[in-house]
Amino acid sequence: NAGVTQTPKFQVLKTGQSMTLQCAQDMNHEYMSWYRQDPGMGLRLIHYSVGAGITDQGEVPNGYNVSRSTTEDFPLRLLSAAPSQTSVYFCASSLVWTGNTEAFFGQGTRLTVV
Amino acid sequence: DQQVKQNSPSLSVQEGRISILNCDYTNSMFDYFLWYKKYPAEGPTFLISISSIKDKNEDGRFTVFLNKSAKHLSLHIVPSQPGDSAVYFCAASADSGAGSYQLTFGKGTKLSVIP
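Those protein sequences? They're chains U and Z, same order as listed. Position one of the first sequence corresponds to residue 27 (my numbering), numbered consecutively onward. Position one of the second sequence corresponds to residue 30 (my numbering), numbered consecutively onward.
Hints in this document: simulated from the structure, not taken from any laboratory. There could be a bad hint or two in this list.
What the hints assert, rightly or not - Stretch-level coverage of chain U by chain Z, calculated; a stretch enters the list once three of its residues show a Cβ under 8 Å from a Cβ in chain Z: (1) 97-103; (2) 118-125; (3) 128-140.
Stated by the list, open to error - Here are the computed distance ranges between Cβ atoms for each label pair: (4) Z:Ile47 with U:Ser44: 47 to 57 Å; (5) Z:Leu40 with U:Thr124: 40 to 50 Å; (6) Z:Asn56 with U:Ala108: 40 to 50 Å; (7) Z:Pro111 with U:Ser44: 27 to 37 Å.
All C-beta atoms in this analysis are idealised placements derived from N, C-alpha and C, irrespective of residue type, glycine included.
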C-alpha cells in the first residue's frame, strides 16, 4: 500500500524560483492538507481541501497556491521561493474529516531556499 | 498566540517505566484532541485521540487523560519501550465552519526511552 506519496524528498531552490511539491494518495480520501514544520515548531496548516475542486486556506497560506482537480492529487505550488519558506513540508489525507479522523501523512519534502 | 502548548521539549524515561507527556490548550472550542508520533525522516503517525466530552481513552499501552477545567491533557505510556523513542505531537481540532475541521499542533516533545 503506497498511502500518501510526496515528491521530491529533497529540493534546493534559489530565491525567486517557483516549483511544485507533489502529493498523491491512493486511499480514495476526500480530505487532503499541507503542513510545514519549522525547527522548534509544530506543524502549521498551509492549505487544505475537503474534496476535488474545493480548497481553502489554513494558518500560513501566503506564498503558496494549491489546486485539487482529482481526488488523488493535491499539489502545492511555491510561486516565488523565499528563504523564509525553507522548511519540511508534509502532505496528509483523511477519509473524511470529522475532527478525530486519523490523518495519514507522507514522508515529507525537505525544502531549502538559498 | 499558541493555542496548543507542549512545554517540555524533551523527556527521558527508563525502559519499563511510565512516560507522561503533557499538553495544555487555550481554545475552549476544541472538539477533539489527538496525539501523533513522529520518527526522524518520517511523517507523523496517528496514535490516539479523545473527544472533549470524555476524560479518558485507552488503547493498549497508551492512555490519554483530559481535564477540561484545567485545559490540560496528558499521554501515558506504560510500560515504556525503546521503540517509543520519538517526537510526540499533541494536536487539537475545531470546526472551522461548514463542517470543516482544522488541526492545531503543539511544538512536540521528544521522548527518549533508555534501555
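Tested hints:
For a cut-off of 8 Å, the count of residues in the segment 97-103 of chain U with a CB near a CB of chain Z stands at 0, and the three-residue condition is violated. Given a C-beta distance limit of less than 8 Å, the hint that chain Z covers the segment 118-125 of chain U holds, as 4 residues qualify and 3 suffice. Remark: the segment 128-140 of chain U is confirmed as covered by chain Z, as 7 of its residues place a Cβ nearer than 8 Å to a Cβ of that chain, reaching the required three. Separation of Ile47 (chain Z) from Ser44 (chain U) is about 49 Å and conforms to the stated range, judged on CB atoms against 47 to 57 Å.
Look at Leu40 (chain Z) against Thr124 (chain U): about 31 Å separates their beta carbons, and that is not inside 40 to 50 Å. Checked against the hint of 40 to 50 Å, the C-beta distance between Asn56 (chain Z) and Ala108 (chain U) comes to roughly 30 Å, which is inconsistent with it. Under the hint 27 to 37 Å, the C-beta atoms of Pro111 (chain Z) and Ser44 (chain U), about 43 Å apart, miss the expected range.
The structure does not agree with the numbered hints 1, 5, 6 and 7 stated previously, though it agrees with the rest.
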